[in-house]
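There are 2 protein chains.
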Amino acid sequence: MIQGDGPYRVLGADTLPAYLVTLEQVRALLGGPPAEWRVREVGDGNLNLVFIIEGRAGAVCVKQALPYVRVAGPGWPMSPQRAYFEQAYFHSVAPYVGAAVPKIHHYDPQLQCIVMERLSPHVILRQGLIAGQHYPRVAVDIGEYVARACFFTSDLARPFEQKMDGIALFARNQPLLRITVDLIFAEPYFAAERNRHTSPHLDEAARTLRLDGAIKSAAAGFGHKFLNCPQALIHGDLHSGSVMVTATDSRVIDPEFAFYGPIGFDLGAFFANLLLSWYSQPGHARGVDDRGAYRDWILEQARIFWATFHHRFVALWIESGEGDAFSRRMFGERGDEMALARVRADFMHTLFTDMLGFAACKMIRRILGFAHVLDLDGIADAGMRASCESAALAMAAALLKTPGQFRSIDDVIDAMQDTAARRTE
Amino acid sequence: MIQGDGPYRVLGADTLPAYLVTLEQVRALLGGPPAEWRVREVGDGNLNLVFIIEGRAGAVCVKQALPYVRVAGPGWPMSPQRAYFEQAYFHSVAPYVGAAVPKIHHYDPQLQCIVMERLSPHVILRQGLIAGQHYPRVAVDIGEYVARACFFTSDLARPFEQKMDGIALFARNQPLLRITVDLIFAEPYFAAERNRHTSPHLDEAARTLRLDGAIKSAAAGFGHKFLNCPQALIHGDLHSGSVMVTATDSRVIDPEFAFYGPIGFDLGAFFANLLLSWYSQPGHARGVDDRGAYRDWILEQARIFWATFHHRFVALWIESGEGDAFSRRMFGERGDEMALARVRADFMHTLFTDMLGFAACKMIRRILGFAHVLDLDGIADAGMRASCESAALAMAAALLKTPGQFRSIDDVIDAMQDTAARRTE
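Same order as they appear, the protein sequences are chains G and C.
Just so we're aligned, residue 1 is where the first sequence starts under this note's numbering, counting upward by one.
Just so we're aligned, residue 426 is where the second sequence starts under this note's numbering, counting upward by one.
If we strip away everything but chain G, and leave its shape as in the complex, we get (with noise of 0.2 Å):
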């Protein structure tokens, strides 16, 4: 069921134990009176009602999805619908992914909530890259998570009448993708009147982006793209704001974009982000820490990211290709192997195309379009942030304007560090 029948309302600190106090799993894992629990909103993000609810034996966490956009207002009306695809997305992909998805305790189609585990002593991924921390698991569990949650919604897994299963679910998630249809795939790329970007420094950049038809083309393509390939079920918007990590683990949250798409959507926003970091990285120099060091290791971060995907992907599909596409029984005699390595081969490497297209229009969007990101939004002094801003733009430009000169991950790094060399000189 997407909605329930009974009326909507907001939850608040003060209403929600009366709410949580009904549901009895959730009363037990808490512990104690309700009197006693403690509650928080710690929504950070652009949409939801987020809360932490703590009891004398544990804790919980409880997303409700608000009737409008957050970050805008009441005057951006938004399905709070998103909620039902948020837990139909985990439970989707929970089987395959384990406990890299957060437990899920109860969905409310009425209140259109989740009560879900409580993440501690997790961050944001976001936060942590600011701040400079090293995460030595991030980039090899999230390119296990993208590799695992793919392949196995995909046809390469699976009967094609599952994957067509989910397509007509995911498929009524419209609200969400007309988010991403609009703010990715368009209005960076003409004078739309949600765009911001750090003026006057950008005026100029923005303006000849707006002008290069190839640039547009190449964005528009990617957008076409998005549309027409329900490859897997993906989360729609991996971000690094929507992974939570310690020293040890890694967890994938906030999953409302979710439908059938590219794959490359999802490993392309992972990689954006890691490379806005990594451009955000000389505004958050502090004193004796250039972030010199750490600058590398985002790099390799983003090396890793993409050799465990490809690695895993590969893997997955050799021991557990057991779906329509490709299909075994078509490829079983002598020889057959090397050609459906060919094959493999030449998947891999349109998803590799498909991450960085789809990471260059992320980037672009987040430094003309509405919605930024804190890594450069943080950066106080305008100059810096423009400077930032600047050279990760040029970098996505490149990325859509002369893919061919991206035939391999190393290619990318080389060119990142070339432009960042050329800066210093």
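Careful, some of the hints might be misleading.
What the hints assert, rightly or not - Partial chain G-side listing against chain C, Cβ under 10 Å, derived:
no.	residue
1	Met164
2	Pro175
3	Ala220
4	Asn228
5	Met338
6	Ala394
7	Ala398
8	Asp410
9	Ile413
Stated by the list, open to error - Derived list of chain C stretches under chain G, where covered just means 3 residues or more per stretch with a C-beta under 8 Å from a C-beta of chain G:
no.	stretch
10	546-555
11	578-589
12	628-642
13	645-653
14	760-771
Derived from the structure by calculation, the hints contain no laboratory data.
By construction, the Cβ of each residue, glycine as well, lies at the ideal position given by its N, Cα and C atoms.
Chain G is already provided as a structure; the job is to place chain C on it using the hints.
What follows is chain C alone, placed relative to chain G:
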């Protein structure tokens, strides 16, 4: 509603008048007393019952989906709900293609039957091609048809939400899609039980093809694209048995395989069946009529079909490209028209290569798979039949194995004429 609440029953010539008399509009259309209505069962397809009912004032056609595959019998059950998708397709494209589809008088979700316009004096195009008849309109009409039906149901023409609603609806047409996935994209490429071919003549060719990893990879790649490219609402089975013609009119029937898929699949179906007809013509030569001139005419229709489609699709895009893909809002600057022209050229070339690849898969399945075509099966002499079939197979193999060889429609036609010349030397 996909399925009615009442009981399903198989209609017969004896029970049909009593049913039709309950439909006021149909009764008026037929006219006169029901006792005078003449009923004939005329179905010659693989799946359904088809009746022609003639009354004093007019006639209608009634098509009922059986709960099994007609050509295979009750041992191969098949959901009769396919009639729902047939009428849903007609309903979706009628606003764009006008009288190119038959008028639907009534759809009965209980009996899974459709009462529709009786097309007269139309004949099935396949029958006309076997008989060596010329239809001056058909290549233009079907090229226009595919362009209009596909363009207006794509993201190029409409907000993506409309397409996504359609994707969700037709995603339930899974039993029919299962037939396509298995019979076109998998079984011809291994020793599947349902396969048959002209034996022993084609034994070696079948064995060779089933050992060819490159051909199988290419075919499986198109199979993957079939499931991962919801560009537009496609007919899904647009061969020459799904087109009815007169010298001045062309109509498209039998869209029960419809879903949101690659446009190249519809293009390839029609194109492949023109090619199969061309390859079959020597088998239909009689006396002084060697069918040589008729072959030339068929090849010219293949050229006209693609040229018409290409011209109309691009023209519609320029005139009516108001969808989310390549959004007009992004391309309002001077010079953008040149960038868009490049986008369109690339897009059309991809449709062209898709057409050829899907056509090749369609040709192979009609020669080595389960369901054949009368163009070839109707050639009584097995040696002659095998000769036609093996030439068609060789062309299909080339289309899959060396697609780079075919940059334009002329390359395809030249290659066909070359092989024909070599064979007669």
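Cross-check of the supplied hints:
1. Here the hint on methionine 164/G is kept, as its CB sits about 5 Å from the closest CB of chain C, short of 10 Å.
2. With its C-beta approaching chain C no nearer than about 9 Å, proline 175/G sits inside the 10 Å limit, and its interface hint holds.
3. Interface hint status for alanine 220/G: upheld, as the beta-carbon distance to the closest one in chain C is roughly 5 Å, under 10 Å.
4. Checking asparagine 228/G against chain C by beta carbon gives a least distance of about 6 Å; that is within 10 Å, so the hint holds.
5. Interface hint status for methionine 338/G: upheld, as the beta-carbon distance to the closest one in chain C is roughly 6 Å, under 10 Å.
6. Here the hint on alanine 394/G is broken, as its CB sits about 20 Å from the closest CB of chain C, past 10 Å.
7. Given the 10 Å rule on beta carbons, the hint for alanine 398/G is violated: about 17 Å separates it from the nearest Cβ of chain C.
8. Look at aspartate 410/G: its Cβ only gets to about 27 Å from chain C, farther than 10 Å, so that hint breaks.
9. The interface hint given for isoleucine 413/G is violated, since its Cβ lies 29 Å from the closest Cβ of chain C, which is over the 10 Å cut-off.
10. A count of 0 residues in the stretch 546-555 of chain C with a Cβ less than 8 Å from any Cβ of chain G is obtained; the coverage claim is therefore unmet, three being the minimum.
11. For the stretch 578-589 of chain C, the assignment as covered by chain G holds, since 5 residues bring a beta-carbon within under 8 Å of that chain's beta-carbons and 3 suffice.
12. Here's how the stretch 628-642 of chain C fares: 6 of its residues keep a CB closer than 8 Å to some CB of chain G, so the rule of at least three is met and the hint holds.
13. Check on the stretch 645-653 of chain C: 6 of its residues sit with their Cβ under 8 Å from a Cβ of chain G, so the three-residue criterion for coverage holds.
14. As drawn, the stretch 760-771 of chain C meets chain G at 7 residues by the rule of a beta-carbon pair under 8 Å; at three or more, the given contact holds.
When held up to the earlier numbered hints, the structure conflicts with 6, 7, 8, 9, 10 and fits the remainder.
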